[in-house]
Structures are given as C-alpha cells and as structure tokens.
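Input sequences plus hints: build the corresponding full structure.
Each chain, written out:
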Amino acid sequence: MTSPDGLASPGPIIATRSDSGVLGSRVDVAGLSKHFGSVVAVDDLTFTVDPGRVTGFLGPNGSGKTTTLRCLLGLVEPTTGTATIGAQRYHDIAHPARVVGAALEATGFHPGRTARNHLRVLALAGGIEESRADATLDLVGLADSARRSVGGFSLGMRQRLQLAAALLGDPGVLLLDEPANGLDPEGIAWLRGFLRYLASQGRTILISSHVLSEVEQTVDDVVIIARGRLVRACPLSDITDHGQRLVVRTPQTEELIAALAQQVPQARVSRQDDGSLLIEDVDSPSVGRAALDAHIELHELRPATSDLEQVFLSLTGGAQ
Amino acid sequence: MSSTRATSAAGATVIARRRSLLSAEILKVTSTKMWLGMLIGVALYIGIGVVATIFAPEQPGMPMPRLSTTEGLRNLFSTAGSGYVFAIVIGALGMTQELRHRTLSSMLLSEPRRNRVMVAKMGAYAGVGAFYGLVGVVFGYALALAFLPLKDHGDIPIDTMWQIAGGSILGCALFAILGVAVGTLVRNQIGAILGILVWVLLIEALLVAFLPAVGKWLPGGALSGVLQSTGFNGASYLPVWGGALVLVGYTAVFGVIAAATTQRRDVS
Chain S
1 MTSPDGLASP
11 GPIIATRSDS
21 GVLGSRVDVA
31 GLSKHFGSVV
41 AVDDLTFTVD
51 PGRVTGFLGP
61 NGSGKTTTLR
71 CLLGLVEPTT
81 GTATIGAQRY
91 HDIAHPARVV
101 GAALEATGFH
111 PGRTARNHLR
121 VLALAGGIEE
131 SRADATLDLV
141 GLADSARRSV
151 GGFSLGMRQR
161 LQLAAALLGD
171 PGVLLLDEPA
181 NGLDPEGIAW
191 LRGFLRYLAS
201 QGRTILISSH
211 VLSEVEQTVD
221 DVVIIARGRL
231 VRACPLSDIT
241 DHGQRLVVRT
251 PQTEELIAAL
261 AQQVPQARVS
271 RQDDGSLLIE
281 DVDSPSVGRA
291 ALDAHIELHE
301 LRPATSDLEQ
311 VFLSLTGGAQ
Chain A
1 MSSTRATSAA
11 GATVIARRRS
21 LLSAEILKVT
31 STKMWLGMLI
41 GVALYIGIGV
51 VATIFAPEQP
61 GMPMPRLSTT
71 EGLRNLFSTA
81 GSGYVFAIVI
91 GALGMTQELR
101 HRTLSSMLLS
111 EPRRNRVMVA
121 KMGAYAGVGA
131 FYGLVGVVFG
141 YALALAFLPL
151 KDHGDIPIDT
161 MWQIAGGSIL
171 GCALFAILGV
181 AVGTLVRNQI
191 GAILGILVWV
201 LLIEALLVAF
211 LPAVGKWLPG
221 GALSGVLQST
231 GFNGASYLPV
241 WGGALVLVGY
251 TAVFGVIAAA
261 TTQRRDVS
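Keeping their order, the protein sequence lines are chains S and A. Counting along the first sequence from 1, when you hit position 9 you're at 9 in the UniProt record's numbering, and nothing is skipped either side. Counting along the second sequence from 1, when you hit position 200 you're at 200 in the UniProt record's numbering, and nothing is skipped either side.
Hint data in this document are derived by calculation from the structure and do not stem from the laboratory. Since this is a predicted model, take the numbers as computed values, not measurements. It is possible that part of the hints are untrue.
Here are some chain S residues the structure puts well away from chain A; computed CB gaps all over 10 Å [to be verified]:
1. Ala30
2. Gly31
3. Gly52
4. Leu75
5. Thr80
6. Ser131
7. Gly202
8. Pro251
9. Arg289
Covered stretches of chain S (in silico footprint by chain A; criterion: 3 or more residues with CB under 8 Å from a CB of chain A, positions within the stretch not fixed) [claimed, not checked]:
10. 97-104
11. 184-191
Glycine is no exception: its CB is placed at the ideal position from the N, C-alpha and C atoms.
Structure representation (structure tokens):
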C-alpha cells in the first residue's frame, strides 16, 4: 500500500519499551508570559497536560501556541512564569532527548542532507544510539527515502521526518507543532492512529493546530488559547456536548414552528440560511412526535454535530 | 567507594556526551557538500598564488623579495599556508546556515546546554580548518617544488617549510573558530560572509601591506608572522610565537563573546 505522495505505509508499530506503566510526565505551564518588545505573545497562561492522553493545543494563527512550545523546550526564555516537563525546566533535564520529543514546523532541515543523516546528527547530539535513525524512519514510513536529500521532500514527508526526529529518543512526552499541516487525508488518518497508539502506551502528547476539525477525532482534551490568553482547558466533550442541537428540514416550516411552540415550548428554534431549522434544548423524539401529531412531513431530523468549528471560532473570538 | 565510582561514571558519561556531540558536528560537515566546494577553493587559491609568486616578473625595485633570497623563498612557502580565508568563511557558513535553515533549534533540543553545542561546533570547525591548512601546504609545496627548478632560486629551507606547515594548520584551525564566532555574532549569512571578505581581503590586507606597524597586530597580520612572511619593502611582522599568541588571543576573545551571547538568546 502506498499513499498518494508515494510513501510506503509505515511498518507495524512495535512497542519500544518493556518497562511499561506510564512513561509520560506531566507538562505544566504556570503563569507563563512572553513579551517580544511591546508585543505580548503569551499572556499569563496556565494549563497542564496529562500523560496517557492526546491534548489538542488550539488557537488561531499568531495566538501564541508556538511561543508557548518554545518556552517549554527552552528555546525561548519566558518573561514571567514557568513551563516545565515532569516538574523540570528543559535545561535541567539530564537527558532531554530521551524524555521529550518535539517537532517544530517543517523547516528545520538542511536541504542538502539526507533524511537518515539528519536523524543521525540529532541522535549523536542527543546521546542516542544511531540505529534509532533507521528505526524511526521505518516507524513513520520513510525507510525508502532514507538516503534522499531532504530538499526534494514534499511537505508531508518533512512532517513525517519531523515526527521521526521527535521519536528518536523514544520519549514519554511528545510536543508536536501543527503535525497535520501538509498531510494528505490518508496521512492525517495515519497520524491519528499513530498518536492514539502512542498515547495508549501512557505517553503525554500535545499537538497544536489552528484547525479544530483537523484534530477533533484525535484529541481527548483541548487547551484553547487566543491572543496569548487561555480560553478553555477541558476535555473535548465539554465543548462538543452543548445540550441537544438538532437540524430539521421540512417543507412545512411555519407549521412546524407553531407545533413546536405548542408542544415543546422550551425548544429554541432558529432558521438557518439553507432553509433548515436549528432546534436547541429539546431531544429528537419530542420533535418527531410533535411533527407527527401535527401531520407535518419531515425530510431530515439529525443532531447538529458539524458546528464544532463554530464553537471554536466563538470561543476564540472568531479572529484569525 | 561506590560514590567515587558513581562520580567517575557520571564523568565518563559527560565525556561520552561531549564526544558524541563533536561527532554530530563533524557529521553535519561531512553530510553536505559544502566542505568539498571550499576545499576546491583552497586548492585553486593556493595554486594560483604559488604559481603567480614563482612566475611573477622580477625586476629591481619590486616591493616583494626575490626568489633568490631567503625571504623570497619563505614568502613562496607561506603562500602555501594562506588558505585561511576559506577556513574563516566555512566557519561562518557553518554557523549561519544553522540559523538560516533553522536547524539550530533541533540541535538545542538534543542538547540544551548551549555552551557544549558551541564548543563542539568550534571544535569540529577547528578540525575542518586544520584539514584545509594541511591540504593547502601539501598542494602548495608540491606545486612550488615542481616549478621552482625553472627559476633561479636559493637553497630550499626544509626546517622553515615544516614550521610554516605547522603554522598554516594552526592558523587555519584558529581562523575557522573565528569564523564560527563571527557567524554567531552577525547571524545573517550574507552579511557575515561579505563582512569577512571585505575585512580580510580589503581592509586588513591593505593595513598589513601598507601600515604593518598596525597591521601586524590584526588577526591576518598575526598569521603573516606565524607564516614568517616578509611584507612590502622588507616589512617584518611579529615573531612566530608572538603571532601565534595574538591569534590565539583573538580566537579566545571572540569565541567566548560568541558563546556568551548564545546563552540566553531566543532561538527561532
């Protein structure tokens, strides 16, 4: 099986540690602020990321996600507050590449270096066996391209290579910045399964994205930020289960509105641009019964699920 | 004592880590083609320099010493040690390309102790510089010894040739470290390379040639002392040991400043 961009499917995922139990450490961001001159990139941000779960770190472009990750990784010095992994600052972790794996944007490659040599350099620098370079290339499905220069890689291949680099030290904590960016649908499906598998081993996984739909099938928890400030930090289900929201389509719109007003007065009904009705705070059997009693023909009656992006936009103020 | 053993084991780990960090920096150099291109540059530059020195028309009144004199022969051999421009340029390229391709951040994720990364990089490029210095003298000497019989020349000073070879290797190693330091401080690749070329080939070259009293204290002038060159109209530079000391001093000062500024700087 090959994917559209010509990549071999990744090999079987093999557990790489036997001393199982929880591998991951907790990630703590506490009162974190970062100012670049007069620009406040991150503003008094506090949240935690738990092991064994995939956490989506969400916010519009420029909301401070990458800066927060860079603070966690010791690349950027916080103005105030702390960002720790397993209660340690990145600098203080004795063997960081074995504890934390990170992928930051698909740009950190010398175009003339082969994928394999890129990983060998990082393995040597991190005190990791060089054989892990081949092992992780295999894991992300890049084994056939190992000896090609990265300059000729597609964006999807670079994302996979970033992921391989993050996995070099078989770390318990993975911090991935926009890992789904540039992946084709098959690649996204693969990434989803891969991250779920890694989380099931007890690892702590934080993935950032500016598109909620890209990660909504992958994440357990969400941390949503906008303009550098925390908007929500909660399980994903907390922002999706907004009570009952139904979409109803009928050729007798006015009659249905009247019938609902009479039989289920608590229902909030609003007309949608496409001619359907959005009905809130009532369950579908009640709507169906009201329609039947009034002899109203229904063409569609379904839960409104696809407006997660709307929830996200309203939470983040809609500003891109 | 178990605590002693634990301490020495930790010490061994630190040494192993530093060694593998150095290996990482060396692999970075050898896994792209830049070093080879620059090596060809060294060979061309020194080859042209040596041949031009031998076949330059010799007339009374020329500012440079003639091949029939000891100074003239010394100058010919020190031309073979003048690949340092390439050493400082590759050092600067090595550092600035990490910023340009944003590979520095992944390096610092593998080893967040930035001092160690800087030391390893300077060490690796010192090795590259020393290699250029060695290749330069071997190639330059070979050309010189091949063409000298065609000209009227004095006795070949074997001892001086060995000294100049050593000076070239040391000088190129130090200049490569200087290049890494300049790259760290300037950060912009084109800016760093242009700055180095304008300084080395123009400003410093003019000062060393026409104002040797000042020029001999500059890095390039100090290297001229190490390579035992004689300047225009018999101008003399620092003695070998003095030039070496000045050069080591410049390298140490710039190296420490470069490493210090890296410590807390935000990396993108």
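Now the hints, each set against the structure:
With a minimum CB-CB distance of about 20 Å to chain A, Ala30/S clears the 10 Å threshold, and the non-interface call stands. Distance check on Gly31/S: its Cβ is at least 19 Å (rounded) from any Cβ of chain A, clearing the 10 Å threshold; non-interface status holds. The beta carbon of Gly52/S is kept farther than 10 Å from every beta carbon of chain A, the shortest such distance being approximately 23 Å. Not every C-beta of chain A lies more than 10 Å from that of Leu75/S, the closest at about 4 Å, which undercuts listing it as non-interface.
Every Cβ of chain A is farther than 10 Å from the Cβ of Thr80/S; the closest lies at roughly 15 Å, confirming the non-interface assignment. No Cβ of chain A approaches the Cβ of Ser131/S within 10 Å, the least distance being about 14 Å, so the stated non-interface status holds. Against the 10 Å criterion, Gly202/S stays outside the reach of chain A, whose nearest CB is about 22 Å from its own CB. With 10 Å as the threshold on Cβ separation, the claim that Pro251/S sits away from chain A holds: the shortest Cβ distance comes to roughly 58 Å.
The Cβ of Arg289/S sits about 59 Å from the closest Cβ of chain A, beyond the 10 Å cut-off, so the non-interface label holds. Beta-carbon proximity to chain A at under 8 Å applies to 4 residues in the region 97-104 of chain S; the threshold of 3 is reached and the given coverage holds. Residues of the region 184-191 of chain S with a Cβ under 8 Å from some Cβ of chain A number 0, which does not satisfy the need for three, so the listed coverage is violated.
Hint check: violations occur at hints 4, 11; the rest are consistent with the structure.
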